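Peer 1: Sequence:
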Amino acid sequence: TNGKIKIDWEHKETKWIDPKDIGNYQTVPMLKETLAQAYK
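Using my numbering, you'd call the opening residue of the sequence shown number 1 and step up by one each time.
Please note that the accuracy of each hint is not assured.
Pairwise CB distance ranges, derived in the manner of DEER restraints [what the hints assert, rightly or not]:
no.	residue 1	residue 2	range
1	11	34	13 to 21 Å
2	35	13	16 to 24 Å
3	2	29	29 to 37 Å
4	11	38	20 to 28 Å
5	2	30	26 to 34 Å
Note that these hints are calculated values from the structure, not bench results.
Just so you know, these numbers come straight off a predicted model, no measurement behind them.
Just so it is clear, CB atoms sit at the ideal spot from N, CA and C, and this is done for glycine as well.
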């Protein structure tokens, strides 16, 4: 692989973000809570 992210037809873009900023983005339901549990 070339190390680049490959997205499917359902998506337009990708973006790396700091997990603490997840509340500033529209995401799937419960993503913020799920990430909080994963980072404990």
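Peer 1: Are the hints correct? Go through all of them and say.
Peer 2: Now for the hints, and whether the structure bears them out:
Residue 11 and residue 34 have their C-beta atoms about 19 Å apart, which keeps the hinted 13 to 21 Å range intact. The hinted range of 16 to 24 Å is satisfied by residue 35 and residue 13, whose Cβ atoms lie roughly 20 Å apart. Checking the proposed 29 to 37 Å range against residue 2 and residue 29 shows it holds: the Cβ atoms sit about 33 Å from each other. Evaluation of the 20 to 28 Å hint for residue 11 and residue 38 yields a pass: the beta carbon distance comes to about 22 Å.
At about 33 Å, the beta-carbon gap between residue 2 and residue 30 stays in the expected band of 26 to 34 Å.
This entry satisfies every hint, going by the numbered hints stated previously.
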